[in-house]
Amino acid sequence: MLEHGRATRPSPRSRFAVSFGNDVRVGFGALRGPSADIWGFFPHPYSRSMSVPRRSFGRISMLGCLLGAASLVHGQTTERDSITWNADLTEAVVTGEREAVKAHNAMRVIRKMDLKDAAYASSQTLQDALRLQNGIRMSQDPALGAALTMNGLGGQNVKIMIDGVPLAGRLGDDIDLAQIRLDNIASIEIVEGPMAVEYGTNSLAGTIHLISKKGQGTGTSAEGSVRYESVGDYTQSAGLTWRGEGHTTTVQMSHHAFDGWSPSDPGVDWVQDFVADSGRVSDWNPKRQGQVSLTSRWTTKHWNLTPKVTVLGERIHNRGLPRSPYGMTAFDDVYHTTRWLPSFHAKRFGADGVQWDIVASWQRYERRKEAVVTDLTTLLQTPQSDAQQDTTIVLASMTRGTRHLALPGRWAGRLGWDAQHERYVSGRVAQGRQDMLDAAAFGILSYSGRNAEGQVGLRQAWNSSFGSPLLPSANVLLKRGEHRVRASYARGFRAPTLKELHFRFVDINHLLFGNENLDAEASHYGEVSWTWAGQGWRLQGRGFVNSVEDQITLVDQLDGTFRYDNVEYFQAHGLGLQVGFNQPKWSAQSGFLVTGQRQGISTLVLPSKSLYTPEATFSGTWVASEHWRVNANAKIHGTRPRYVAGDSGGIEVAETEAYTLLDAQITYLRGPWSLNVGWNNLLDVTALNATTASGPHAGGTGWVAWGRSVALTLKYNLQRPSAS
Numbered sequence: 002m003l004e005h006g007r008a009t010r011p012s013p014r015s016r017f018a019v020s021f022g023n024d025v026r027v028g029f030g031a032l033r034g035p036s037a038d039i040w041g042f043f044p045h046p047y048s049r050s051m052s053v054p055r056r057s058f059g060r061i062s063m064l065g066c067l068l069g070a071a072s073l074v075h076g077q078t079t080e081r082d083s084i085t086w087n088a089d090l091t092e093a094v095v096t097g098e099r100e101a102v103k104a105h106n107a108m109r110v111i112r113k114m115d116l117k118d119a120a121y122a123s124s125q126t127l128q129d130a131l132r133l134q135n136g137i138r139m140s141q142d143p144a145l146g147a148a149l150t151m152n153g154l155g156g157q158n159v160k161i162m163i164d165g166v167p168l169a170g171r172l173g174d175d176i177d178l179a180q181i182r183l184d185n186i187a188s189i190e191i192v193e194g195p196m197a198v199e200y201g202t203n204s205l206a207g208t209i210h211l212i213s214k215k216g217q218g219t220g221t222s223a224e225g226s227v228r229y230e231s232v233g234d235y236t237q238s239a240g241l242t243w244r245g246e247g248h249t250t251t252v253q254m255s256h257h258a259f260d261g262w263s264p265s266d267p268g269v270d271w272v273q274d275f276v277a278d279s280g281r282v283s284d285w286n287p288k289r290q291g292q293v294s295l296t297s298r299w300t301t302k303h304w305n306l307t308p309k310v311t312v313l314g315e316r317i318h319n320r321g322l323p324r325s326p327y328g329m330t331a332f333d334d335v336y337h338t339t340r341w342l343p344s345f346h347a348k349r350f351g352a353d354g355v356q357w358d359i360v361a362s363w364q365r366y367e368r369r370k371e372a373v374v375t376d377l378t379t380l381l382q383t384p385q386s387d388a389q390q391d392t393t394i395v396l397a398s399m400t401r402g403t404r405h406l407a408l409p410g411r412w413a414g415r416l417g418w419d420a421q422h423e424r425y426v427s428g429r430v431a432q433g434r435q436d437m438l439d440a441a442a443f444g445i446l447s448y449s450g451r452n453a454e455g456q457v458g459l460r461q462a463w464n465s466s467f468g469s470p471l472l473p474s475a476n477v478l479l480k481r482g483e484h485r486v487r488a489s490y491a492r493g494f495r496a497p498t499l500k501e502l503h504f505r506f507v508d509i510n511h512l513l514f515g516n517e518n519l520d521a522e523a524s525h526y527g528e529v530s531w532t533w534a535g536q537g538w539r540l541q542g543r544g545f546v547n548s549v550e551d552q553i554t555l556v557d558q559l560d561g562t563f564r565y566d567n568v569e570y571f572q573a574h575g576l577g578l579q580v581g582f583n584q585p586k587w588s589a590q591s592g593f594l595v596t597g598q599r600q601g602i603s604t605l606v607l608p609s610k611s612l613y614t615p616e617a618t619f620s621g622t623w624v625a626s627e628h629w630r631v632n633a634n635a636k637i638h639g640t641r642p643r644y645v646a647g648d649s650g651g652i653e654v655a656e657t658e659a660y661t662l663l664d665a666q667i668t669y670l671r672g673p674w675s676l677n678v679g680w681n682n683l684l685d686v687t688a689l690n691a692t693t694a695s696g697p698h699a700g701g702t703g704w705v706a707w708g709r710s711v712a713l714t715l716k717y718n719l720q721r722p723s724a725s
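Going by my numbering, 588 is the number at position 587 of the sequence shown; the sequence numbering is gapless.
If you're looking for bench data, these hints aren't it; they were derived computationally from the structure. Heads up, some of the hints might be wrong.
List time: in silico EDC-like cross-link candidates among lysine to aspartate or glutamate, alpha-carbon distance up to 16 Å [as the list claims (entries may be wrong)]:
#1 K288 / D270
#2 K586 / E550
#3 K117 / D129
#4 K370 / D334
#5 K370 / E315
#6 K302 / D387
#7 K214 / D164
#8 K214 / E371
#9 K716 / D118
#10 K215 / D184
#11 K117 / E100
#12 K288 / D387
#13 K370 / D387
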């Protein structure tokens, strides 16, 4: 760190912070010098203590930014701090860390997806960005949207956060990934395994953390984009950022329209009216979506304050077939979704870096099903019976605060709180409304040595509806040259949702009930990994085991009813290998993962052997010139076996067939303009079948993607320098 008059020997994880204004913050001081127009942390340039004039300034050169190094030259101090973004230029991550740190030196294995990379040039939503990632499988429901599984566990065990705020509002067990737009997202960080000490429930499988753009640059900037995909998908977005003395404000807007898709649709599908016959029905339902977000970042001498609000609205049409005998009417469902997400993030900086990190949010999620009878001659719609209508509202508020402590020697600590309140309002839960309060305290003790680092954590929670276990975690990082060896253990848990506790859905076709006596799902997760990086190469090997107890599922009560119960145990274990190569003109990454699963149900006798699923990914980018980039991405999904009840009443193994997803893209850059042409799902994989030894398994067909398509994306970015 740079102190008045003296630069002290850095700790192994020390680094510089770079600002976007006129100042550079080094340690706790603000040093006058030219600004950097991209954000990043740099390795400390000093290898030993040395004298520095009391009045000095730091200069971060642009060339040094690109090479990942910083230069310090003499100058003039100033008392005013600037807006700073702590990040490593090459691969900075923040999830679970005190400050941004290069992923190679992070305590955990963190997979970072930089959305500026060519591989994500055509991605609009979280669903698009994750579909070719190892360990993640996507599924599509015409009414509920896109869902995922991570290393064998469903979406209810995956925590999804935006800037540290967990998203509320799950359909069934999953958050619809197609509702999470990436217009204002800079990167995505994936941590596999639970982070229950830091973030609490719903992370048995892992955590997906979306990091917003930081408004880099100076002056005022505006951006806009239009996108068309040949399946009848249209998107327009625009953003405006203005910067002043100690603040940056960004407003972002987008509109998305999709006219539905079926395998019988033409290869190029323009906007058109639907005729009043069976052609009005789509396998992928038509959708309209709009989003507005407003973010403001304010900096004082010691505080960074970030208020933010995002509003999303969506409408999905589920059109029915014309009704017999005359085909004059049809039963349609319209799903209206609204998501409000205001949040506030505050960080306080001191002489030793971040001292306080506080986040708070309040969310309102509403999904309304409108069942109507559509007159196909006049297009007038009249409501169906009240029993066919449904409205679900989720109100969620949370606050999390962390106090970072600098302890003697190489020790550091964190103490914090995490409180969440959720209200679930629906005609399908007992008494029409249910509440849950969860409050927790946690502590983390860290040691940072020259060649070894470690941390242990502990979390104790109190919940208004069920008992919460004491949750420990431990991480070790060993360093030798460019080799990194990590070992970790974490105990995770998933709290039963209010739906699982209090659900009540009774009609002519359903008798589904919750269970107020449910226990939380608990897990033991262990992981060992090795990483080496050097000369443009990166190699990583990883093995993990995740054992889950008291898994919650719907159980047939053998009297015509179904109820949620703790009846299952689940274990996933796997081995993975990743290889990456990065040069100025070429970059390539490939990965292989094999995951084994073993499951038990108290009411059935299942074989004890594990069922294995392999998968592999590849991504390559060629920078052909200053203006042209070419990229290709592929993911090979191996067969996915699972146990099912056979026709004879015994247990059989059903296998979902193997398939490969292949995308290619070309990007042209010219000044403020960029044009991307993407070929998606080149192998035209749409739906999968599950088969057993006795033939196709009933109900085993599932949607994967719509058919082969071409996407065109045109972007424009206008930068107006500041008056100074």
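For the pair supplied as a hint, K716 and D118, confirm whether the alpha-carbon distance does not exceed 16 Å. holds (15 Å)
Quick one, are K117 and D129 close enough, alpha carbons at most 16 Å? It holds: about 14 Å lies between the C-alpha atoms, which stays within 16 Å.
Has the given pair, K214 with D164, been kept, meaning a C-alpha gap of at most 16 Å? holds (10 Å)
Holds or violated: are the alpha carbons of K288 and D270 at most 16 Å from each other? holds (15 Å)
Measure nothing beyond the straight line between the CA atoms of K214 and E371; if it is 16 Å or shorter, mark the hint as holding. Violated, because 36 Å separates the two Cα atoms, which is more than 16 Å.
If you draw a straight line from the CA of K370 to the CA of E315, is it 16 Å or shorter? Measuring from Cα to Cα gives roughly 12 Å; hence the hint holds.
Are the Cα atoms of K302 and D387 separated by 16 Å or less? Between K302 and D387 the Cα gap is close to 57 Å, so the pair fails against 16 Å, i.e. violated.
Mind checking the alpha carbons of K215 and D184 for me, to see if they're no more than 16 Å apart? holds (13 Å)
Given hint D334 paired with K370 - CA-CA distance at most 16 Å: Judged against 16 Å, a Cα distance of about 7 Å means the pair holds.
Would you mind confirming whether the straight-line C-alpha gap from K586 to E550 stays at or under 16 Å? violated (48 Å)
Holds or violated: are the alpha carbons of K370 and D387 at most 16 Å from each other? holds (11 Å)
Compare the distance between the alpha carbons of K117 and E100 with 16 Å, and conclude whether the hinted pair is satisfied. violated (22 Å)
Checked against the numbered hints above, the structure violates hints 2, 6, 8, 11, 12; every other hint is satisfied.
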